[in-house]
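Participant: Here is what each chain is made of, one letter per residue.
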Amino acid sequence: MTRPPITDATTAPITRDRISLYGDAVGDHNPVHFDIDFAKAAGLPDTVVHGPFTTAIIVDQLVAQLGDEALLNFDLRLRGPVFPGDSLTVTAAEYGVDVHNQAGVLVATGVTILAGDDDA
Amino acid sequence: MNLDTLGKVVVDTELIVDEDDVRRLADAIGTPNAMHTALRVPFFGPTAAGQDSVVGPLDMDLRRALQGGQSYEWHRPFRTGERVRMTVSIEDILDKGTLHLATVLSEFRDADGAIIQRQRTTFIERAGS
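In order, the protein sequence lines correspond to chains A and B. Residues are numbered in this note's numbering as their position in the first sequence, beginning at 1, plus a constant of 102. At position 67 of the second sequence (counting the first as 1) the number is 58 in this note's numbering, and the numbers step up by one without a gap.
Mixed in with the good hints, there may be bad ones.
Said to hold, decoys possible - Covered, in the sense of this in silico footprint (three residues per stretch, anywhere, with C-beta under 8 Å from a C-beta of chain B), are these stretches of chain A:
hint, region
1, 171 to 180
2, 185 to 194
As the list claims (entries may be wrong) - Facing chain B, according to a computed beta carbon distance under 8 Å, are these residues of chain A, among others:
hint, residue
3, Pro106
4, Ile108
5, Thr112
6, Arg120
7, Tyr124
8, Ala127
9, Val128
10, Ile138
11, Ala143
12, Ala144
13, Pro147
14, Gly153
15, Phe155
16, Thr157
Note that these hints are calculated values from the structure, not bench results. Remember, predicted model here, so these are calculated numbers, not experimental data. The C-beta atom is built at its ideal place from N, Cα and C for all residues, glycine as well.
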């Protein structure tokens, strides 16, 4: 079975307001996501987006393209931090997707297993 | 990181998939299909269990720790209003000297015990100075 194609897609900027919404939704108020001084003390230039929120935004791109039932497994490796204001571009890779920020830095790679893969 | 937590169940509880919580998560995702996504990437698990039930037993220092990966094994989406059992356990811990890696497994089952989804979250902690 031929896999459905994944076309390049870029997310809206991940604003601090959206990060705040996510933190409230999941109850995760870890200061590394909200407190710039805490983030800088940890050696980061800014606060970082929650890893699960980054994951959710990437999964959302796949759900939008592939439909709600196609995704069976998704294994995402976070390769670099995602910061407030970043937009993520999801592109097809051999076994899933690569994700770059607006500066072209690879921030994540994902492997997908889709319905029908076993039929290949 | 507390390497003795390997294999331990740190959360075993029942919860309701609350529609308002799902909607809040969808609002953060902010796209037309966000509600579908929000029912696949739940707002609970190690993230929501957080400080008390995962970070605490692992004794992770949040200034030196980050999430290295997240995987999902979906059997079906969650349904709003349903009661699910969530178990969170420390599936694997690797001591690589200057780095400690922990894989946290979260399993979600319905009232009949059928699996809804499994998540694995990998945390990486740098050694302290």
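Participant: Each hint: holds or not?
Facilitator: Here's how the hints hold up against the structure:
1. 171 to 180: holds (count 8)
2. 185 to 194: Not satisfied, violated; 0 residues make the cut.
3. Pro106: 15 Å, violated
4. Ile108: 15 Å, violated
5. Thr112: Hint violated; threonine 112 (chain A) Cβ to chain B Cβ min 12 Å, cut 8 Å.
6. Arg120: 5 Å, holds
7. Tyr124: Hint holds; tyrosine 124 (chain A) Cβ to chain B Cβ min 4 Å, cut 8 Å.
8. Ala127: 4 Å, holds
9. Val128: 4 Å, holds
10. Ile138: Cβ of isoleucine 138 (chain A) sits 14 Å from chain B, so the hint is violated.
11. Ala143: Hint on alanine 143 (chain A): holds, closest Cβ of chain B at ~6 Å, below 8 Å.
12. Ala144: This interface hint holds because 4 Å falls under the 8 Å limit.
13. Pro147: At about 14 Å, which exceeds the 8 Å cut-off, the nearest Cβ of chain B leaves the hint on proline 147 (chain A) violated.
14. Gly153: This interface hint holds because 3 Å falls under the 8 Å limit.
15. Phe155: This interface hint holds because 7 Å falls under the 8 Å limit.
16. Thr157: 5 Å, holds
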